[in-house]
Amino acid sequence: MSPRRVFALPRQQSLFLPAVINPFVQEVKLAKADIIKCVFRGIFLVPIRAIFLTLVLMVTWPVAVITTFMHPLKGAVAPMTGWRRFMCRRVMAFLGRSYYFFMGFRVVVKGQQASSAEAPILAVAPHSTFFDGIVCIVAGLPSTVSRTENLATPIFGRFVRCLQPVLVSRQDPDSRKNTIMEIDSRAKSGGLWPQILVFPEGTCTNRSCLITFKQGAFVPGVPVQPVVMRYPNRLDTVTWTWQGFSSKTLLLLTLSQLYTNVEIEFLPPVTPTEEEKKRPVLFARTVRNVMAQALGVPVTDHTYEDCRLMISAGELTLPMEAGLVEFTKISQKLDLKWDNVKKELEGFAAVACSCKGGRITIQEFASFLKLPISPALQELFALFDRDGDGTIDFREYVIGVAILCRPANTEEVLRTAFQLFDTDEDQRITHEEFSSMLRSALGVCDLNVSKLFKEIDTDSSEFITFSEFQAFALNHPEYAKLFTTYLELQRYQALQGVESELSSTNHICSEDNQEESISDKKDD
1 MSPRRVFALP RQQSLFLPAV INPFVQEVKL AKADIIKCVF RGIFLVPIRA
51 IFLTLVLMVT WPVAVITTFM HPLKGAVAPM TGWRRFMCRR VMAFLGRSYY
101 FFMGFRVVVK GQQASSAEAP ILAVAPHSTF FDGIVCIVAG LPSTVSRTEN
151 LATPIFGRFV RCLQPVLVSR QDPDSRKNTI MEIDSRAKSG GLWPQILVFP
201 EGTCTNRSCL ITFKQGAFVP GVPVQPVVMR YPNRLDTVTW TWQGFSSKTL
251 LLLTLSQLYT NVEIEFLPPV TPTEEEKKRP VLFARTVRNV MAQALGVPVT
301 DHTYEDCRLM ISAGELTLPM EAGLVEFTKI SQKLDLKWDN VKKELEGFAA
351 VACSCKGGRI TIQEFASFLK LPISPALQEL FALFDRDGDG TIDFREYVIG
401 VAILCRPANT EEVLRTAFQL FDTDEDQRIT HEEFSSMLRS ALGVCDLNVS
451 KLFKEIDTDS SEFITFSEFQ AFALNHPEYA KLFTTYLELQ RYQALQGVES
501 ELSSTNHICS EDNQEESISD KKDD
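The sequence shown begins at 1 in UniProt numbering and counts up one residue at a time.
Simulated from the structure, these hints should not be mistaken for lab results. C-beta atoms are modelled at their ideal positions from N, C-alpha and C, and glycine is treated no differently. A portion of the hints provided could be inaccurate.
Claimed, not checked - Below, simulated DSS-like cross-link-like pairs (lysine-lysine); rule was C-alpha separation at most 25 Å, straight line:
#1 Lys342 x Lys370
#2 Lys214 x Lys177
#3 Lys342 x Lys214
#4 Lys278 x Lys214
#5 Lys177 x Lys277
#6 Lys248 x Lys32
#7 Lys177 x Lys278
#8 Lys188 x Lys214
#9 Lys451 x Lys370
#10 Lys177 x Lys337
Unchecked claim - Computed beta-carbon distance windows for the label pairs:
#11 Pro173 x Ala152: 14 to 22 Å
#12 Met70 x Phe40: 44 to 52 Å
#13 Ile311 x Met181: 26 to 34 Å
#14 Arg285 x Gln243: 26 to 34 Å
#15 Leu235 x Lys278: 40 to 48 Å
#16 Arg41 x Lys188: 48 to 56 Å
Starting from the given sequences, assemble the full structure and let the hints guide the process.
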């Protein structure tokens with residue numbers, strides 16, 4: 001049996017594609033009948049609702065001013081007590097319910113909300129729209145995490161102050177640490193502070209899955225009550241994602257509906273184990289799995305950083321979804337930082353600039369490397385193409401560069417590759433040596449490598465030194481892996497040749513033995 005070709009690295013199951021490829025897109029196609037209904041209903045409903053909403057705001061704002069009057073925000077802030085607490089949790093909550101009622105929301109509450117002592121933190125998911133604020137009203141206006149700048153916003157700032165938020169400041173380099181400390185302090189206050197409500201996903205999705213939960217709410221190691229939200233409507237006019245309708249369009253569409261259903265379900269509180277108290281990431285996963293099971297949706301490892309990559313992909317004239325890589329999983333498993341992945345996206349865009357759909361074919365791959373399609377190049381392309389569909393997307397590109405190409409850029413590997421070209425061992429590669437080696441490696445007789453040679457020969461000295469060779473390989477890791485792939489192919493072919501010789505030798509020996517036995521019989 002001939003030896004079988006083996007890939008350099010096995011496919012890791014954990015790096016396969018997620019169940020939901022893009023949770024940040026919402027494609028709502030309105031039928032003509034729906035558009036006509038929205039227009040006619042909107043003509044009557046939108047003005048009427050706008051009047052009632054304005055009246056509610058006119059009452060709510062002075063109530064918020066009275067509630068927060070002379071109440072400090074920064075420093076040693078104490079929880080509201082007495083009449084302030086009553087105004088916040090009763091009057092403001094009632095006005096909030098009235099606000100959503102006049103917008104046309106019909107709320108169904110399931111389960112039982114735990115007390116602040118039983119579950120100091122409420123984790124709400126999925127977060128899919130700016131209308132999700134209704135859960136704060138239903139939960140009795142618990143504290144939230146808010147930016148400091150929001151307090152200075154006219155009218156809205158007073159409403160935020162009523163929530164006694166945990167403040168985050170972009171100007172403070174220690175803000176993240178201070179925020180977690182404040183959450184920890186309030187969560188362990190024994191019920192003195194109101195519950196803290198968080199959206200642990202950190203960004204809006206289309207509710208098709210639950211993405212990675214941020215760890216901040218799970219650091220205190222106290223019981224957390226999961227709260228799941230559903231919008232069971234025939235026409236989705238609420239989902240606000242990175243790709244879809246604008247906020248103004250969604251607001252008008254929602255106000256044009258007779259009513260909008262929303263379900264809020266309080267699940268039983270989840271108490272962390274000792275191991276989960278030490279490792280908040282495990283606790284976050286446990287709570288997410290509980291919520292995903294209740295919702296009947298999968299989980300993925302997408303994060304807000306994937307949204308940033310989507311924006312970067314759009315700026316590089318790539319389809320926005322090309323930037324989705326499940327950043328949390330990729331960064332942890334491959335030890336990559338945001339800047340590393342952003343740099344790889346720019347490299348990917350350089351290759352994919354001429355292709356449509358943000359996917360690289362073998363023709364674009366070969367063109368980028370300035371090399372013809374050959375067995376060695378096809379082998380390298382196959383290693384990148386993890387799903388075998390004949391193209392490389394950005395996710396496959398990042399994994400390929402990190403797993404396949406970067407390890408091939410060690411000095412030992414590069415020196416071996418350099419020696420392959422340096423046939424006369426004078427520590428430099430001439431144009432003739434470079435061209436001859438590539439013709440042999442790629443199996444192409446009329447190969448023109450002048451452009452590639454000039455790109456490596458930075459000082460235009462008509463020969464390549466090891467330092468130039470190494471610098472080029474570090475900036476273009478695909479080439480290092482190309483030559484190691486070529487060496488593996490040669491070794492594989494050599495093994496096949498040796499086995500072929502052995503089999504032919506065994507065949508000759510067996511024939512000789514057969515002739516000897518026949519001659520012996522004749523002698524007898």
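Exercise for the section: Identify every previously stated hint that the structure contradicts and give their numbers, smallest first. Expected result: none
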